[in-house]
Amino acid sequence: MADLQELASAALAGAADGEAVEAYASEARRTQVKARREEVESLSQSETRGVGVRVIVDGRLGYAWAADPTEEEARGLVAAAREGAQHAGEDEANVLPEPAPAEPLPDLFREAQAALGPERKVALALDLERASVSEHPEVGKVEEVIYGDAVSRVALASTTGVSGEYARTDCWCVVIALAERDGETQTGFSFASARELDELDWRATAAEAALRGARLLGGRKPESEHLPVVLDPWAVTSFLGVLAGALSAEEAQKGRSLFADRVGEQVGAPSVSVVDDGRLADGPASAPFDDEGVPTGRTPLIDAGVLRGFLHNTATAARAGAVSTGNAGRAGYRGVPGVSPTNLFLAAGPDDAEAVLRAAGRGVYVQDVTGVHSGANPVSGEFSVGASGLRIEDGRLGEPLREMTIASTLLGMLSGIAAIGSDLRFFPGGVGAPTVLVGEMSVAGA
Amino acid sequence: MLEESLVREVLSAALRSGGSWAEVYAEERGSISGRLDDGRVEELSTGLDRGAGIRVVSGGTTAYAYSNRLDRGSLLEAAAAAAAAVTGGDPVAVLDFTRPEPPVTHPPEEPASRVGRDRKVEWLREADDAARGVSPEVRQVVAGYGDSIRRTLIASSDGSWVEEEQHRLRLMVQVVAARDGILQTGFDGPAGLGGVELLRRTPPALTGRKAAEQAVTMLDGVPAPAGEMAVVVGPAGGGVLFHEACGHGLEADTIGKEASIYRGRQGETLASTLVTGVDDATTPHMWGSFSFDDEGTPAQRTVLFDRGVLTGSLSDRFWASEAGHPPTGNGRRQSYAYLPIPRMTNSSILSGDADPESVIADTAEGLYAKALGGGQVNPATGDFVFGVSEAYLIENGEITRPVRGANLIGNGVAIMQAVDAVASDYDWRPGTCGKDGQGVPVGTGSPTIRIARMTVGGTGG
Chain P
311 MADLQELASA
321 ALAGAADGEA
331 VEAYASEARR
341 TQVKARREEV
351 ESLSQSETRG
361 VGVRVIVDGR
371 LGYAWAADPT
381 EEEARGLVAA
391 AREGAQHAGE
401 DEANVLPEPA
411 PAEPLPDLFR
421 EAQAALGPER
431 KVALALDLER
441 ASVSEHPEVG
451 KVEEVIYGDA
461 VSRVALASTT
471 GVSGEYARTD
481 CWCVVIALAE
491 RDGETQTGFS
501 FASARELDEL
511 DWRATAAEAA
521 LRGARLLGGR
531 KPESEHLPVV
541 LDPWAVTSFL
551 GVLAGALSAE
561 EAQKGRSLFA
571 DRVGEQVGAP
581 SVSVVDDGRL
591 ADGPASAPFD
601 DEGVPTGRTP
611 LIDAGVLRGF
621 LHNTATAARA
631 GAVSTGNAGR
641 AGYRGVPGVS
651 PTNLFLAAGP
661 DDAEAVLRAA
671 GRGVYVQDVT
681 GVHSGANPVS
691 GEFSVGASGL
701 RIEDGRLGEP
711 LREMTIASTL
721 LGMLSGIAAI
731 GSDLRFFPGG
741 VGAPTVLVGE
751 MSVAGA
Chain Y
41 MLEESLVREV
51 LSAALRSGGS
61 WAEVYAEERG
71 SISGRLDDGR
81 VEELSTGLDR
91 GAGIRVVSGG
101 TTAYAYSNRL
111 DRGSLLEAAA
121 AAAAAVTGGD
131 PVAVLDFTRP
141 EPPVTHPPEE
151 PASRVGRDRK
161 VEWLREADDA
171 ARGVSPEVRQ
181 VVAGYGDSIR
191 RTLIASSDGS
201 WVEEEQHRLR
211 LMVQVVAARD
221 GILQTGFDGP
231 AGLGGVELLR
241 RTPPALTGRK
251 AAEQAVTMLD
261 GVPAPAGEMA
271 VVVGPAGGGV
281 LFHEACGHGL
291 EADTIGKEAS
301 IYRGRQGETL
311 ASTLVTGVDD
321 ATTPHMWGSF
331 SFDDEGTPAQ
341 RTVLFDRGVL
351 TGSLSDRFWA
361 SEAGHPPTGN
371 GRRQSYAYLP
381 IPRMTNSSIL
391 SGDADPESVI
401 ADTAEGLYAK
411 ALGGGQVNPA
421 TGDFVFGVSE
431 AYLIENGEIT
441 RPVRGANLIG
451 NGVAIMQAVD
461 AVASDYDWRP
471 GTCGKDGQGV
481 PVGTGSPTIR
491 IARMTVGGTG
501 G
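The listed protein sequences derive, respectively, from chains P and Y.
First residue of the first sequence? That's 311 in my numbering, and the numbers climb one at a time after it.
First residue of the second sequence? That's 41 in my numbering, and the numbers climb one at a time after it.
Calculated from the structure, these hints are not laboratory results.
Each statement offered as a hint is correct.
Distance condition first, Cα-Cα at most 25 Å in a straight line; then the derived BS3-like pairs of lysine-lysine:
no.	chain 1	residue 1	chain 2	residue 2
1	Y	475	P	431
2	P	431	P	451
3	Y	250	P	564
4	Y	410	Y	250
5	P	451	Y	475
Just so it is clear, the structure is predicted and the values come from calculations on it, not from any experiment.
Just chain P, with the same shape it has in the complex:
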């Protein structure tokens, strides 16, 4: 098999004069183990690779990709992309980045993890399932227990002189625990990730999933009223995902962001800071450079409640007369780079989660929200989403609640943040959040 960087360079050989051509090559070796009833439910292993080629002629963009091409096929991708470019519209912002040195992040790749055979992984999945069903008397089963990992490599080469390569290892585990009482079933979700298996805190994942399922048993619909709402980190990240879209310069430039034209304005409470950092050592989305070769960095987006700027790739930066923030992201080799967050998070506050609950007094604690992708409008910021959680009485968690909705607007929620916990955690995809108290939201049930 050809070296990944060689494959990317081979694709460039098809470039003609006056064309800007970029080749992105990636490969991954993945393992996934699912365990159930003390047995391996499935063990899946894979090796995949592919190349995607961008061709820009006179500001017109074409793209072509192929799974595991030969070097000859890789060169042929340039011709296919060129043909596409002939039918695309002209945009002078369609430019490739100039080369810039990216400081390597050697800690992203762990030799020990890359060399690990399936035996340890299978054993971990079985241990994880056993732990998940031993935590709580009402949690005797799981819906899903997964251990997964990936060893991935990315290589880039372009006619502007960009050339780079990096490797990373990732592993993670997921538990969906089933809690049962008197014919009622509730599910509890938890997740952890790390660079290598030995650093994966799977025992905490098992315990948390069991707790989150068990404490919802016996839930009732709440009355409809306006109340303080405490969102746990997982629930907060559901909203941050929508906010991340609105913080993309691409969305702002196209008038699809509620933050458009608001840089410098107060958009949240003074305690609110939102940051994108592509270089966090433990960040699930860290990389030395972004998906078009621009070095990653730390970008303050909202600072003390004030909107500071947007996430940029090379094209959106060219359009805005700005500098790329290193946030080009793509669906692997299959897609053209757009704008994506890396590790995007709401910065931690001073208080522990218990203090945030105490600050709420009487209210609602939300541990899961559903329907954010359909129930929140990223343009207007209005949302009404399903939620499950617990009542808060006298600053402590009380009885469970179900079939509840919470409604507000994204800006209303950001402005209404009254306390932020110190318990910042990251979730799949790189979104991170601590526990948050929102002063008032519309809570509906019956």
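Given chain P's structure and the hints, the job is docking chain Y onto it.
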């Protein structure tokens, strides 16, 4: 795609160290897609995906290995990796292959591959022009086009050999309309198994217009009321409700893992007697249809609710054998990179007798949900939530003001029991259903239905 002798060799290698059944799944998919945004065709993209996965089953354990390569060496390597994960049991022989006739095919009348890229770009422009022509309040239009040809070969040690070629075509238009700082979105788009004929029947300009009209209409919206009320769901919308609220709980893995509210309840009346619900992969050219599922089982129609009585569930090979039933042809996967799992195909509530206009006229007060957005369900409890992308108030039996920000919250069993009217105006919509990280094309359909009472979540207090 692959020689029979090679497939036989790979299956034998996969079963070398044990296991009762093995399968080769090979796939090639060529695609073209284009995107128009802000009046400009942003790019045209050509893709070639291919890969093969080898699966070995031994008791309750499944081993799977896949790569992008279809050559002999890579296939044997994948077979060895899968074989290494299962041990024990007597060696099983690979039976002679037989090729079953497909129960239904969905050939294109005019394959999209015969149409030039210039024409495809033109469709995007037609949709854009039509959307912008609806109102000066239309602020943004994004139009997406895609077509693909997917070839699959699925062969297993029990002698099944299935090959299929699927042509798909899809157009999508999303519109943002603005007035006085208020922004609203609209969406529409046809999709089907077939070719260019789909766009002759549903021209791009019509799609653009419908998406724009939805966005502009919602600008007049008042905040949705919150609370319990009668909800009339428009044609096709009830299919989304049925898919989320019932369908996921009837997928055999959910039942087998004891995570479904419907487990052990076959034969019980769990929906209104007005409700007959099916999953049907045989409807010609529908978005969720096929000839064979992704493990070679012929496409099938499964009645899930017969006049309210729970009569079926949806299974792949693995979960069917766990339950001791024949598979229902619902083993689906996003691609060679995934193990098949039980999935819906086209799930629908079938038409009843009521006249849709009289259903609304008979509703004193309530919500008319004309178009539903996405939804989510917890199959263990049956609790679900849906966004409503186009909704109106019903006042004194008439559809009046549009409302925005509404969603529907409830419990699948309770909602289906509360259906008190089913009309005769069946329609369906294409969609992508996500489960366990895999997206597969599905259809959802229904006539106008009414739910006597359900919870509407809104911002209107």
